[in-house]
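Visitor: Now for the letters of each chain:
Protein chains: 2
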Amino acid sequence: MRPYFILSNDDGVSAPGLQFLIEALRPHADLLVMAPDGPRSGFGCSITSSRPLTYRRVREEEGLTVCACSGTPTDCVKMALNLFPDRKPDLIVGGINHGDNSSVNAHYSGTMGVAIEGALQGYPSIAFSLCDHRADADFSPLLPYLADFALKTMKAKLPPFTCLNVNFPLAPEFRGVRLCRMAHTRWQREVERRTHPWGGEYFWLVGESVNLEPEADDTDRWALAHDFVAITPTQLDVTATELLTQLKDVFTDRQ
Amino acid sequence: MRPYFILSNDDGVSAPGLQFLIEALRPHADLLVMAPDGPRSGFGCSITSSRPLTYRRVREEEGLTVCACSGTPTDCVKMALNLFPDRKPDLIVGGINHGDNSSVNAHYSGTMGVAIEGALQGYPSIAFSLCDHRADADFSPLLPYLADFALKTMKAKLPPFTCLNVNFPLAPEFRGVRLCRMAHTRWQREVERRTHPWGGEYFWLVGESVNLEPEADDTDRWALAHDFVAITPTQLDVTATELLTQLKDVFTDRQ
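If you're matching them up, the sequences are chains U and F in order. Going by our numbering, the first sequence opens with residue 1, and the numbers climb by one from there. Going by our numbering, the second sequence opens with residue 1001, and the numbers climb by one from there.
Chain U with its partners taken away, still in its complex shape (with noise of 0.2 Å):
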């Protein structure tokens, strides 16, 4: 039997970054997808629980079953999960984002949402972004390594509480491969004031992000600073081990 993959994405489901995923794995894989209706960029790992979710088929072809749906990305995995129960996922994707969701952005990413939802709901997961944010991002130097990857992932066994966040460096063509470590990097001047014609202040969020340790070559944000593909293994178990005897001694004196 050919292997079952579930999609979804945060740049919603007519992204070009999913239309272009959906055609590298489809050879491979039969695939249901389950995007949001629109962008959520952004969206993390939030949920939708205060509001009813809907959503739609709007194609449906041999092998290939695509939804759009009122949700979140954690919202339409849990969605794609739920409402089409028969047969279990042997990887769920989440991207292509048109994006870097390398370093800490992991953090705020609907992308690694996707990725993050498959692997707490047992599965294999695997997030690929790119580092273009652009509509019209070319993402034709990545059809090389989408499906190797996705069966990789599929087969890698990854240890139970782990995905894979793949980030694609913006070049025409990269020097290869790197397993990377999470670059600490941190947002600033992230606030921009504007007023409104009518007056009245508002504000969008921007800012840059600074890597605050530049000359370390083992982290994400190096590799794809210098054109290789970046692969950051991802745990969910955010235990803080070392501190756990640390702060015993502080917390604990009331017992």
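I should point out that these hints are in silico values taken from the structure, not numbers from a laboratory. A virtual CB, placed ideally from N, CA and C, is assigned to each residue, including glycine. Any given hint might turn out to be false.
[Stated by the list, open to error] Some but not every residue of chain U turned toward chain F, in silico, with C-beta under 8 Å:
| id | residue |
| --- | --- |
| 1 | 47 |
| 2 | 120 |
| 3 | 250 |
[Stated by the list, open to error] Mimicking DSSO-like on lysine-lysine, the simulated pairs with C-alpha atoms at most 27 Å apart in a straight line are:
| id | chain 1 | residue 1 | chain 2 | residue 2 |
| --- | --- | --- | --- | --- |
| 4 | U | 88 | U | 157 |
| 5 | F | 1248 | U | 248 |
| 6 | F | 1248 | U | 152 |
| 7 | F | 1157 | F | 1248 |
| 8 | F | 1152 | F | 1088 |
| 9 | U | 155 | U | 88 |
| 10 | U | 88 | U | 152 |
| 11 | F | 1248 | U | 157 |
| 12 | F | 1248 | U | 155 |
| 13 | F | 1088 | F | 1155 |
| 14 | F | 1155 | U | 248 |
| 15 | U | 248 | F | 1157 |
Following the hints, position chain F against chain U.
Guide: Only chain F this time, still in chain U's reference frame:
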């Protein structure tokens, strides 16, 4: 000089949990509260980039400024830090959340979104949650802990890219305080189908959280089930370090 704390939450600026936290911390620090203008439960680390943000001051007293913001919990922290840059906070506090943010719930939690953003920006950060989602939850058993934990966190010199996730059990009295690791849990049966009065289906995100390791007595879920306060030290560098080497052979064969 008195300490200076920035507070936010995900239940909104008028939520009783936030009001309780303000009163508990006021005697100990000057407070800037920048909280969402309505409920943002389950918003995780999401940010708002596609529409502008606004805020308004809703309360101004000696040592206390309260603002209501149109954005997410994470937006609120960014707005507070960028619009009130004259004073660096000694601590960033999320909560008190109406509901359980232990185990994998931390990934979906806007309350944890506050603490994560605080730590990403380099400040000591802590999130408080009570395992009672009701609007009229009784926060009084938490009173002896809130300022104590806040001041200890301020002084504890947490390593960069870490924060604390504190969950209080729903119990009239607490048996003590435990430093815990995140329990591995899984949400199941998460989508409930309904029919609109005029026809057409819609879906509510619901579900039940199953503990995958119920016997383990070192997890936050175990602590809460046994009436202990659970402190889960949390890291923001989510690199799955042990996978870096293991996956290198799998993914880099094209180099």
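Visitor: Would the stated hint for residue 120(U) survive a check requiring a Cβ distance to chain F of less than 8 Å?
Guide: At about 6 Å, which falls below the 8 Å cut-off, the nearest Cβ of chain F leaves the hint on residue 120(U) intact, so it holds.
Visitor: Would you check the hint for residue 88(U) and residue 157(U), treating anything up to 27 Å between C-alpha atoms as holding?
Guide: Holds, because 16 Å separates the two Cα atoms, which is no more than 27 Å.
Visitor: Would you mind confirming whether the straight-line C-alpha gap from residue 1248(F) to residue 157(U) stays at or under 27 Å?
Guide: Roughly 14 Å separates the two Cα atoms, so the pair holds.
Visitor: Compare the distance between the alpha carbons of residue 248(U) and residue 1157(F) with 27 Å, and conclude whether the hinted pair is satisfied.
Guide: Roughly 14 Å between the alpha carbons, so the hint for residue 248(U) and residue 1157(F) holds.
Visitor: Within 27 Å, alpha carbon to alpha carbon, are residue 155(U) and residue 88(U)?
Guide: holds (15 Å)
Visitor: Going straight from one Cα to the other, do residue 1157(F) and residue 1248(F) come out at no more than 27 Å?
Guide: Judged against 27 Å, a Cα distance of about 35 Å means the pair is violated.
Visitor: Given the proposed pairing of residue 1152(F) with residue 1088(F), does the C-alpha separation stay at or below 27 Å?
Guide: Holds: residue 1152(F) and residue 1088(F) sit about 18 Å apart, inside 27 Å.
Visitor: Has the given pair, residue 88(U) with residue 152(U), been kept, meaning a C-alpha gap of at most 27 Å?
Guide: holds (18 Å)
Visitor: CA of residue 1155(F) to CA of residue 248(U), is that 27 Å or under?
Guide: Between residue 1155(F) and residue 248(U) the Cα gap is close to 14 Å, so the pair holds against 27 Å.
Visitor: Holds or violated: are the alpha carbons of residue 1248(F) and residue 155(U) at most 27 Å from each other?
Guide: holds (14 Å)
Visitor: Holds or violated: residue 47(U) as interface residue toward chain F, Cβ cutoff 8 Å?
Guide: Residue 47(U) check passes; min Cβ-Cβ to chain F is 4 Å, inside 8 Å.
Visitor: Take the C-alpha atoms of residue 1248(F) and residue 152(U), compute the straight-line distance between them, and say whether it is at most 27 Å.
Guide: Satisfied, since the Cα-Cα distance of roughly 12 Å is no more than 27 Å.
The structure does not agree with the numbered hints 5 and 7 stated previously, though it agrees with the rest.
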